[in-house]
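Going down the list, the protein sequences come from chains X and C. Under the working numbering, think of the first position of the first sequence as 1, with each following residue one higher. Under the working numbering, think of the first position of the second sequence as 1001, with each following residue one higher.
Some hints here could point you the wrong way.
[As the list claims (entries may be wrong)] Lysine-lysine pairs mimicking DSS-like chemistry, simulated, CA-CA at most 25 angstroms apart:
| # | chain 1 | residue 1 | chain 2 | residue 2 |
| --- | --- | --- | --- | --- |
| 1 | X | Lys-407 | C | Lys-1513 |
| 2 | X | Lys-340 | X | Lys-298 |
| 3 | X | Lys-450 | C | Lys-1513 |
| 4 | C | Lys-1039 | X | Lys-48 |
| 5 | X | Lys-447 | C | Lys-1540 |
| 6 | C | Lys-1095 | C | Lys-1128 |
| 7 | X | Lys-298 | C | Lys-1161 |
| 8 | C | Lys-1180 | C | Lys-1113 |
| 9 | C | Lys-1177 | X | Lys-243 |
| 10 | C | Lys-1491 | X | Lys-407 |
| 11 | C | Lys-1491 | X | Lys-450 |
| 12 | X | Lys-296 | X | Lys-403 |
| 13 | C | Lys-1561 | X | Lys-451 |
| 14 | C | Lys-1455 | X | Lys-403 |
| 15 | X | Lys-48 | C | Lys-1407 |
| 16 | C | Lys-1177 | C | Lys-1114 |
| 17 | C | Lys-1561 | X | Lys-447 |
| 18 | X | Lys-243 | X | Lys-340 |
| 19 | C | Lys-1561 | X | Lys-450 |
| 20 | X | Lys-296 | C | Lys-1095 |
| 21 | C | Lys-1191 | C | Lys-1039 |
| 22 | C | Lys-1113 | X | Lys-403 |
| 23 | C | Lys-1180 | X | Lys-447 |
| 24 | C | Lys-1177 | X | Lys-447 |
| 25 | X | Lys-403 | C | Lys-1191 |
| 26 | C | Lys-1513 | X | Lys-447 |
| 27 | C | Lys-1455 | X | Lys-106 |
| 28 | C | Lys-1113 | X | Lys-451 |
| 29 | X | Lys-362 | X | Lys-451 |
[Unchecked claim] Quick look at which bits of chain X chain C covers, simulated, 3 or more residues with Cβ under 8 angstroms:
| # | region |
| --- | --- |
| 30 | 10-19 |
| 31 | 37-50 |
| 32 | 117-125 |
| 33 | 147-156 |
| 34 | 344-357 |
| 35 | 408-421 |
| 36 | 426-433 |
Don't read these hints as lab results, they were simulated from the structure. C-beta atoms are modelled at their ideal positions from N, C-alpha and C, and glycine is treated no differently.
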Amino acid sequence: MKEYKTVTKIAGPLVFVEGVNDIGYGEIVEIQLPSGERKKGQVLDTQKGLAVVQVFGTTAGINLEDTTVKFLGETMQIGVSSDMLGRVFNGLGEPRDKGPAIIPEKRLDINGAPINPYARAEPRDFIQTGISTIDGLNTLVRGQKLPIFSGSGLPHNQLAVQIARQAKVVSSTGKGGKDQFAVVFAAVGITHEEASFFMRDFEKTGALERAVLFLNLADDPSVERIITPRLALTTAEYLAYEKNMHVLVIITDMTNYCEALREIASAREEVPGRRGYPGYMYTDLSTIYERAGRIKGKDGTVTQLSILTMPGDDITHPIADLTGYITEGQIVLGRDLHRKNIVPPVDVLPCLSRLMNLGIGKDRTREDHRGMADQLYAAYATGRDLRSLSAVVGEEALSATDKTYLKFADVFEKRFIAQGTHEDRTIEQTLELGWEMLAMFPESELKRLKKEFIEKYGKKYRKN
Amino acid sequence: MGILHRITGPVVEARDVAGAKMYDVVKVGNERLTGEIIKMVGNTSTIQVYEETNGIRPGEPVETTGEPLSVELGPGLLRSIYDGIQRPLDVMAAKGGAFITRGLSANSLDRDKKWEFVPVAKSGQAVKIGDVLGTVQETEIIVHKIMAPFDGKVKDIKAGKFTVEEQVCTITNAAGKEQKVIMMQRWFVRKSRPAAERFDPNIPLITGQRIVDVFFPIAKGGSVCIPGPFGSGKTVTQHQFAKWSDTQIVVYVGCGERGNEMTEVLTEFPHLEDPKTKKPLMDRTVLIANTSNMPVAAREASIYTAVTIAEYYRDMGYDVALMADSTSRWAEAMREIGGRLEEMPGEEGYPAYLARRLAEFYERAGRVRCLGTDETRTGSVTIIGAVSPPGGDINEPVSQNTLRVTKVFLALDASLAQRRHFPAFHWLRSYSLYTDTLDNWYIQNVSSDWVDLRKEAMALLQQEAELQEIVQLVGPDALPEKEQAVMVSTKMLREDLLQQSAFHEVDTYSSMKKQYLILRNILRFHHRAIAAVELGVQLKRIMELPIRERIARMKEVPEEKLSEVDFLGSEIDKAFDGLGAK
């Protein structure tokens, strides 16, 4: 282990140490301040004679004369163990509850390694969340990464806990199971209030004992935010691939993560990309989001549900944009629906689940699922378009069919999207609700549904 | 031996690397990670490393291999899945487990597998570069041709089972020197493979996707740009092209994209049948997967690896389709590396050479006469590149520079995708510069009235857009009946011709014959409807015709029952005759 007292420059979260030798890239350092306080950091740039260290936490109190920098000779690791279930850690992985230190079963590099695409197994188990807009229209499957795109003041946390509470895999025999299910929760720069909302809900539903929590709160050092999601994912991978658990990882809020990334990039005086975010943000985000999936020959899975708040509700903002390009779809919350008091306010039109087809259909959910989802989408989109048209020309000017579409859009929002935070609908209930609503259309409008399905499922809802 | 001097992520600096040349492949550090020299100043070489550099220290050794980055070409490429620098991912998984760990290396082509080599050339025969020396049945449907790597005279040639490294032939060159030939050869990825002559694009690449084949045809040897925001269907479109286009070989490169998508290809393709040969699609496919979280320098290389393999099969005389998903991630890899080199950035931080690199890449597409004595052997590489513009706005450098060099532009539209109109290509904003050169082919091979039908349908769709504007102001009822009838027809065009479900077992692929019949029937309905309205028939009565329902279901009619669709034409006439409008 090498110790140096040769700090020559401090800029933002960066400390420059001179006269060093053979320091590994990404190595972890321990910095002892003149006050005796210890901080951790990581090597960002290493060359003969100079190492640039990014300090986790503030650089307040560090000086050039008396600060000692100790290079630990290893990259950032976390000791993992199944004893971590039920525990709360801070953003650097140290226990935050009053519990004992974790005796690691294994020490793992927090950066993980990319999963070999050849070793991946295709995600295909349908996760029933009990929420119609997700199950029916944007189905979540095990091993998927599906973020929630939200905005400030929208109830994304309520939606996330509802999913965590209700999510179950419905096997073909119709029985649900919660066995070997775990939640890894990473709070990245959220407020105490939000964090305690999650804790309370986990506690109330008994989910806490099957959960590992990493909390980096709003007043914790922002640089730690780079570390927190990686600790969570490393723990999740361990539980999934070595302890055969089905792990749901909830990371909130990825926007704070990206802000921290930008802060460090600007401290390093890097050439900024769009809106000041670093040019490598896509690659960096992918090393988080891509850590979801199934692996051939392993029973456990990692499913990711990250939350991000879109600045100014702008889906083209770099954070939302790059995320959408990496993740397998997105659930988008809409402010208009929220104002109309629709809970959860899922704006289904920009939503998508790319892996939906793998989890639905005959033997998985029901044979009419695909057609139903497409039909509901098409009808709702038409209805929404007509809403703006009728605002201009008046409802009377619309044809009878158009009026039906207009009515459908309202009913769809009030009955299908709205369901409250505690209603847990089975997939059958969701699909039947769809048929019930589509009954208002003449059959010739139902082009997305196969004739045989209309005969089989749709007839009973028709009045004539 | 050189010494590592500085490490700042995927780009490292080394000093005093003996014999170093630009773009040489080097081995970095104690773990001998693969890298490539991308800048040289004085005695310092800057190296982009194709693997993770965490934990590497200054002072570790660096050694050059003396050769630029190259791929191995030979039997065994098909059915493989490689990373960006052609390491076989299946072998890596067997060696290193489910995660890609550092320092793993594996031969691109299996060195132990024996292939049955059937000589074509005779001993004593004079051969030129590109001449077929012999063949290997690589998969059930593809015959791999072993081509002469140099001019000369065949001294001897052997039939039998050989590995890719065993000698199958000896060629004596003009100077009388004997050179041995093995089935494997190497090619530098950044250099395009030569061909004898380039042809004009006058044969379409039939994709089975109606909006493309009808309105925006792709030529064999052409280049296509598909930009679109996330969720608009780029990847599904690429998969559809890979599955159904009438090429013999497909090279699919997932460049900086999702891991699960590659898995989908890997699990789906072996079970999908090639519509012509009825054999698994995987038998004609080479996959290159460098997902977004795999090292960024290897992502930069992946595009070159893919196009070189595509050219190699082209040289055998095959039509090859290269799907690149997504070229934006490739450009971002260049940007990231350029940023680490502290290069002066061009537009939006991309390096100033972005336009040149994109142009060079798309120029490797083309239909050519292959090298060799046989002057009838032709092959093609068609490049279909997806672009992921930030926020879906194509006013950005990658989209704009790509549009300058590609000839087909398929504009994916988010609002179409949101209403589940798939494929979400916008029919008014997309274009194909091949339509005119391909018209002849369509007239000869599909129908003599093809061009007229296509032009009429497009004109109708354009008219619809104009009518839509009026409707937005005054409502649909304010339009005269005749124009309302146009809107009915264009709705049919949009829903019953352009919309096509990739997940419907029949609808996923339409033969040219079927595409023609659907188009013809809709336009026949249109002509009859207009004529009827002019004679005073109420539009309402036309709308109530039960035949509309059958038009909507045309696309679900399987290929073997196409006569039903053909027959529907006369039934449309009958339905209108019944209205009393002759």
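Numbered hints the structure breaks, given as an ascending list: The structure breaks hints 1, 2, 6, 7, 9, 12, 14, 15, 16, 18, 22, 23, 24, 25, 27, 28, 30, 33, 35 and 36; every other hint is satisfied.
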